[in-house]
Amino acid sequence: MAKKRYAYFQGCSLEGTAVEYDKSMRVVFDALGVDYVEPEDWSCCGSTPAHTVDHVFAAALAARNLSIIENMGLDVVTTNCPSCLMAFKKAQYSMENDGTFKEKVNELLDEKYNCGVYAKSSLQVLYEDVGLEAIKNRVTHIIHDMKAAPYYGCIMNRPPKIAQFDDPENPTSMDRIISALGIEVCDFAFKLECCGAAFGVPKRKMVNELSKKVIAMAVDAGANCIIVACPLCQQNLDLRQEQINQTTGSNFNIPVIYFTQLMGLAFGYTPKELGLDKLIVSADHFARSRITKQEYLEREKAKEQEKKAKKEVKKQETGEEENP
Amino acid sequence: MRVGVFICHCGNNIAGTVDVKAVAEEIRKIPGVAHATTYMYTCSEPGQDEIKEAIKKYNLNRIVVAACSPRMHELTFRRTIEKAGLNKYYFEMANIREHISWVGENKEANTKKAIDVITMAVAKVMQDKPLFSSSFKINKRVLVIGGGVAGMQAALDCGDGGLEVVLVEKSPSVGGMMSRLDKTFPTIDCSICILGPKMVDVAQHEKIKLYAYSEIEDIKGYVGNYQIKIRKKATYVDWTKCTGCGACMEKCPSRNAYDYFNFGVAPTRAINIPFPQAIPKKAKIDPNYCRQFTKGKCGVCAKICPTKAINYEMQDEIVTEDVGAIIVASGYSLLDIERLPEYGGGRFPDVISGIQYERLLNASGPTAGHILRPSDNTEPKTVVFVACAGSRDKSIGVPYCSNFCCMYIAKQAILTKDHIPDSQSYVFYMDIRSPGKGYDEFTRRAQEDYGVKYIRGRVSRIYPKGKKMVVRGADTLLGTQVEVEADLVVLGTAVLSNPDAARLAEKLHISYDTFGFYVESHPKLRPVETNTSGVFLAGACQGPKDIPASVGQGSAAASKVLALFSKDMLESDPAVAKVNINKCVGCLKCVRTCPFQAIKENQLRDGRIVADVIETVCAGCGVCTSTCPCGAIQLQHFTDNQILAEVNALCQG
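Chains as they are written, first to last, in my numbering: chain X, 1 to 324; chain E, 325 to 977.
Just so you know, these hints were derived from the structure itself, not from any lab. Each hint should be verified, as a subset may be incorrect.
Computed cross-link-like contacts, BS3-like style, restricted to lysine-lysine with a CA-CA straight-line distance of at most 27 Å [stated by the list, open to error]:
no.: 1; chain 1: E; residue 1: K902; chain 2: X; residue 2: K213
no.: 2; chain 1: X; residue 1: K213; chain 2: E; residue 2: K792
no.: 3; chain 1: X; residue 1: K213; chain 2: E; residue 2: K884
no.: 4; chain 1: X; residue 1: K205; chain 2: E; residue 2: K789
As the structure is a prediction and not an experimental result, all values here were calculated from the model.
Only chain X is shown next, with the shape it has when bound in the complex:
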């Protein structure tokens, strides 16, 4: 069977503030042999500004891209950005289920869209199509001193009717990927909490307060790194972390990295290749402290043997007492 080919939709933020998400995603896709191709002449997905004003127009913006992908003969588009993902999914859902809506949207398009392209987040592609086993097998380095708080953001799996991926209240896909990399995952209650989203410009204080809650919860849970899958979450938690400290009187210094960057580190890539240098709160120490898988296994083995030996001694002591 021929390998599945995905259309990879980059989206605007991955060209700008989240360029490291794009960079690291390509590295990870290549490392895991995911076949992807970029649609030419892609345009705005129809996210935030458009869909708050006009649903038909927003759907048309999304459908223009989907129609390009349809004409490339592909049926799945994958995108990193949850906003792009939702824009595509919502357009697809509304057009599939409402004939008049579909007509209205198609009136605005040069090339009619026939609803043949399904959007999947890159997280879903890695989790479902590539699979945990393949990810596990590709790991070369273990970041043994990381305690990760996986932060999914609000729209990666919600609303469930449209997202159709993972648990809408307690998602675990990213948790499992991080675990597959051999990294400890914290029990983090705010996986879906609002980070403040795009209100950072008009209501900066409010966004700072909301983001603070997320970071504080991660720190309380014992995490020393927040793993994200959304460019906007990353921006609010990382770029604005110093702002949060100033507004709320906190003193956070916790790296906020993309799950793809984390995968890249575990696959042995250099910080530069993964765009780690783009982070405001540095995560370089994790790159330095990672050890090779072999070394890690040897350490684990030694620990195991030590434990066994202790058990053996204990057994002998108690055993003698029980059987006189």
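Fit chain E to the supplied structure of chain X, relying on the hints for placement.
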């Protein structure tokens, strides 16, 4: 043939959108109609008198009433004409209200349709034959399904009325949900103290035969003569020998069995007596946890039992009981908190359901009546109650109100303060629904005397923060978001029907609604009857209900049975299937299709095989009529000729 037609105005219900005078005018023209008139309320006493007088005056021998649905008043009018000396089956009802005036606005079209419908009824009534009921003996024993408070009340009332009662309870003890409760609202009296004596009465009543840990396997028959198959589930303990000493429970090494009685608040032993006041107080083995069953060896209880009552080889047993009436009091179930993921139900140990909290409050519960939160066995100082956890929520599939949660939450909040005086309770609610006697005063007392803080708004999310559970919700009166850091969260979970409610309903031939609650015959006027005669309802199987309402219904159902059994003979409905043995070819297709097993094979004296209908069992559904290839089996009062007469009247008109 002299047909009389009486057209009802039903106030404005019919006359508002049907020109009844014009209808009467038109109907009078039909050959055979000797008299046609209209009346304001035909069902009223003067209305009925007018029919009787007309029968005499015009010498009428067939009657048609054009009014409401026959379900409403067919019996009324049949009695009327019977009193006037006519056979009661010389009567037809034309439904011009539910089928015409209530559903159409066009008066002209309605009038025309009313004429058509009455013309059909006239054609049918001319074909009607006189039918006569036969009478049959009834078995004056009653089956009560479910040994909760409603079922026990019904059983005791029937028993006290001199009837023999068969009480079937699916769990190992009678008592139902009420036996799990700590106190009852609004009097805060101890639940088991008022229920316990009733349970003992049930056990000791000479007229009541109790089958605990048993289920209804099969029901055959009809009002007056039911044959019930009861499955006595294997307990692996010989209950004739078991003394309820509890030695086996103490020694059982399997300590992690799920405790159904305590809703899993704490584990129990694989062999257990569900609670100290259990009736019957007998032990039972849960084979899912018993080591003898899971691992094939153990036998501790068999060794320890002083009366040698343990029998690992025990099998389910089927017993048969004959009864004449059935009271269904099968109760309800509760929404699993795992279906509320936004509240962390099932994920966080300190988010529990109301019934689980009830067990924590109860002196004979797993914590001996000390409120200890499940995660770390400490006393909670802040308790948050969430009302409508699943109820009134379309997304959960429960659009209805669960009836008693508002009240038991107020009760639990009061008890929390009693148990832990320095505690603070919060209640998130949508509306406080407390319309019973002394109920509203009770919820006020919780707020005013016990300082329970009521917050009007929904909870959006519950999440852990250190050792606390943070409950985030809206305060719609203040118009703000609130967060309460709680030690324990109690969800007032939605009331659901029993998971096997539909299966039982099918065995009983009674109907149930979308949510699995059994449907009463009339929501106001026949609240404990079903549409299957001889089957009555009591308690929460009909809809969420608190204790007083359940007990009331239990007694009501019992009185219905006593009234039914006050006669020695019952009259059968003659509108049943009848076989013309001259036409029957003995293919017996009808025997196989009859859903009531009312048709049997019969050998005539000349050796010919024909079908034979057992008149008392036949429900008059007519399935056999459409199955018969040669038209030999006919449903009386709905024969092919009678139906065709109606069709002809409609097509010719």
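Results for each hint:
Under the criterion of a C-alpha separation no larger than 27 Å, the hint pairing K902(E) with K213(X) is inconsistent with the structure, at around 78 Å. For the hint pairing K213(X) with K792(E), the CA-to-CA distance comes to about 16 Å; that is within 27 Å, so the pair holds. Among the hinted pairs, K213(X) with K884(E) is inconsistent with the structure: their alpha-carbon atoms are about 62 Å apart, more than 27 Å. With a CA separation close to 23 Å, the supplied pair K205(X) and K789(E) stays within the 27 Å bound.
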